[in-house]
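*Asks:* Sequence:
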Amino acid sequence: MLARPHRLTAKRDFERASRQGRPVHAPCITVRAVANRLPQVRVWMVIGLKISKRSNVRNRAKRLLREIFRRHIAAIHPGIDIVVHVKPTIIGVPYAALAAEVGRTLHRGGMLVKPWVDSMGNPKENKASGEDIPKQRT
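Here my numbering is used: position 85 in the sequence shown is 85, and no number is missing along the way.
Worth double-checking, as some hints may not be accurate.
As the list claims (entries may be wrong) - Derived lysine to aspartate or glutamate pairs resembling EDC-like cross-links, with alpha carbons at most 20 Å apart:
no. : residue 1 : residue 2
1   : K53       : D13
2   : K114      : E101
3   : K53       : E101
4   : K62       : E101
5   : K87       : E101
6   : K87       : E67
Unchecked claim - Okay, the calculated beta carbon distance ranges per label pair:
no. : residue 1 : residue 2 : range
7   : P88       : A35       : 26 to 34 Å
8   : N56       : K114      : 29 to 37 Å
9   : R22       : R70       : 20 to 28 Å
10  : V113      : S55       : 29 to 37 Å
11  : V117      : R12       : 30 to 38 Å
12  : R54       : V34       : 26 to 34 Å
13  : R108      : R71       : 13 to 21 Å
Rather than coming from a laboratory, the hints here were simulated on the basis of the structure.
Backbone N, C-alpha and C fix where the C-beta goes; we use that ideal spot for every residue, glycine too.
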């Protein structure tokens with residue numbers, strides 16, 4: 001879970017970041033970021049029914065993304081609001097691959113202040129956890 005100061009909770013801030021933020025696209029996510037006047041990073045995740053009609057699949061994706069941002073929040077420039085739009089291709093992506101993709105996306109958007117490394121010191125990927133987002137049953 002992200003700490004309260006790192007959660008973007010006001011709808012007006014979300015709408016400002018969605019409208020004014022420059023999009024950075026990746027296969028599983030699209031990230032939009034805009035500067036705020038606060039000393040911390042705030043994150044909002046949009047995970048709609050297009051991902052899956054099953055709530056457990058959507059919640060699993062949300063939990064994995066929250067954990068990725070929680071572990072790497074110090075690597076992101078302070079003073080920005082980030083909105084993450086999740087795409088249906090996130091289903092079945094392993095944690096390590098998702099963490100690496102988030103890192104690459106934030107790097108391309110110029111949002112990183114430090115290298116994107118995991119808790120083991122490995123750049124751009126987390127080999128400590130092999131958790132996957134479950135594939136949707138048909």
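*Asks:* For every hint, state whether the structure bears it out.
*Replies:* Outcome of the hint check:
no. : hint                    : result
1   : K53 to D13              : 27 Å, violated
2   : K114 to E101            : 16 Å, holds
3   : K53 to E101             : 24 Å, violated
4   : K62 to E101             : 15 Å, holds
5   : K87 to E101             : 13 Å, holds
6   : K87 to E67              : 18 Å, holds
7   : P88 to A35: 26 to 34 Å  : 30 Å, holds
8   : N56 to K114: 29 to 37 Å : 34 Å, holds
9   : R22 to R70: 20 to 28 Å  : 24 Å, holds
10  : V113 to S55: 29 to 37 Å : 35 Å, holds
11  : V117 to R12: 30 to 38 Å : 34 Å, holds
12  : R54 to V34: 26 to 34 Å  : 32 Å, holds
13  : R108 to R71: 13 to 21 Å : 20 Å, holds
In summary, the structure is inconsistent with hints 1 and 3 from the numbered list given earlier, while agreeing with the others.
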